[in-house]
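Counted the way numbering that gives the first Met the number 0 counts, the sequence shown spans residues 0 to 291.
Just so you know, the hints here were simulated from the structure itself, not pulled from any lab data.
Check before you lean on any hint, since a few could be wrong.
Here are the simulated distance ranges between beta carbons [what the hints assert, rightly or not]:
(1) Thr270 <-> Lys68: 15 to 25 Å
(2) Phe31 <-> Ile178: 45 to 55 Å
(3) Leu175 <-> Lys65: 41 to 51 Å
(4) Ile32 <-> Phe284: 19 to 29 Å
(5) Leu175 <-> Gln228: 13 to 23 Å
DSS-like cross-link-like pairs, simulated, lysine-lysine; straight-line CA separation at most 30 Å [unchecked claim]:
(6) Lys113 <-> Lys167
(7) Lys203 <-> Lys56
(8) Lys94 <-> Lys68
(9) Lys27 <-> Lys72
(10) Lys167 <-> Lys22
(11) Lys79 <-> Lys15
(12) Lys72 <-> Lys94
Think of the CB as a built atom: it goes at the ideal place given N, C-alpha and C, for glycine as much as any other residue.
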Amino acid sequence: MSDWDGRSKGSVLGYKIFVFLIKKIGIKSSYFILFFVASYYYLFQWKSNKYIGYFYKQRLGYSYFKTQKSIFKNYYTFGKTLIDRVAIGSGMRHKFTYEFDGIDILKRFLEQKKGGILISAHIGNFELAEYFFQDIDMTGQINLVTTDSEHRAIKNYLESIAIKSSIKFILIQEDLSHIFQINQALANNELICFTGDRYIQSNKVLSTSFLGKQASFPAGPFLLASRLQVPVAYVFVMKETNTFYHLYTREATVKHRDSQALLEDYVSHVTQMIRRYPLQWFNYFDFWNAFK
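Make the full structure from the sequences, and use the hints.
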């Protein structure tokens, strides 16, 4: 069983620190300060070092020295994505550029008036997508389904000091009331976004081979997406340079009521992103249950 505790690594305190730095010294200088923050994580976060090191050494086949270098660079890149989110959410969107790859798929989904399901992962920075989607009139139409209440706390804090976010949150509930919210949003021709790569102990899971070893994934996104008969796509927002992002949308291959096939299709797309952007895999727990 995965030991992810349902909370993301980024915290409200971390965002407050980044807001202070950005306001006082700017984005580029914040990146410089981040070097020391990443160094602290590399030196003292032994548990997450072990897990992310396993990813690089055992799953990607890196050498020992390349693995150590990648662990540090992974922390540094993760910090950059947090700074970028704060900066863009604070009204500095104009300082960043982006490229849409497959945005026509999302437009087609909305034209069909069925709503749609987007499945992302903790690779890159999907939460930046809302600020770029504003350019194609998709504001107010995205709902993020999450188990992590910290997302809402972060959103509330950013809205208190920045631009109001248009993303709606649907928190997964034990009484399954979130299913009704999802159905209502789809009926309103809105998009539902899941992250398909984390589960907690109470979740039902599906398993498949991922980077050469069996891994478990939350069953919910794939069960719903394969049964609701609405369009499904994978969306990834990847950092290319300090100020340039690449937004990928890929239409999913969906067989009705075949959640396992959808999971395997999803994993193949996530694998492609990892191969292209190995420093942007941000799952800091025992993903493959290798240390049980």
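Now the hints, each set against the structure:
no. : hint                          : result
1   : Thr270 <-> Lys68: 15 to 25 Å  : 22 Å, holds
2   : Phe31 <-> Ile178: 45 to 55 Å  : 46 Å, holds
3   : Leu175 <-> Lys65: 41 to 51 Å  : 45 Å, holds
4   : Ile32 <-> Phe284: 19 to 29 Å  : 26 Å, holds
5   : Leu175 <-> Gln228: 13 to 23 Å : 19 Å, holds
6   : Lys113 <-> Lys167             : 18 Å, holds
7   : Lys203 <-> Lys56              : 29 Å, holds
8   : Lys94 <-> Lys68               : 29 Å, holds
9   : Lys27 <-> Lys72               : 17 Å, holds
10  : Lys167 <-> Lys22              : 27 Å, holds
11  : Lys79 <-> Lys15               : 14 Å, holds
12  : Lys72 <-> Lys94               : 23 Å, holds
In this structure, every one of the numbered hints holds.
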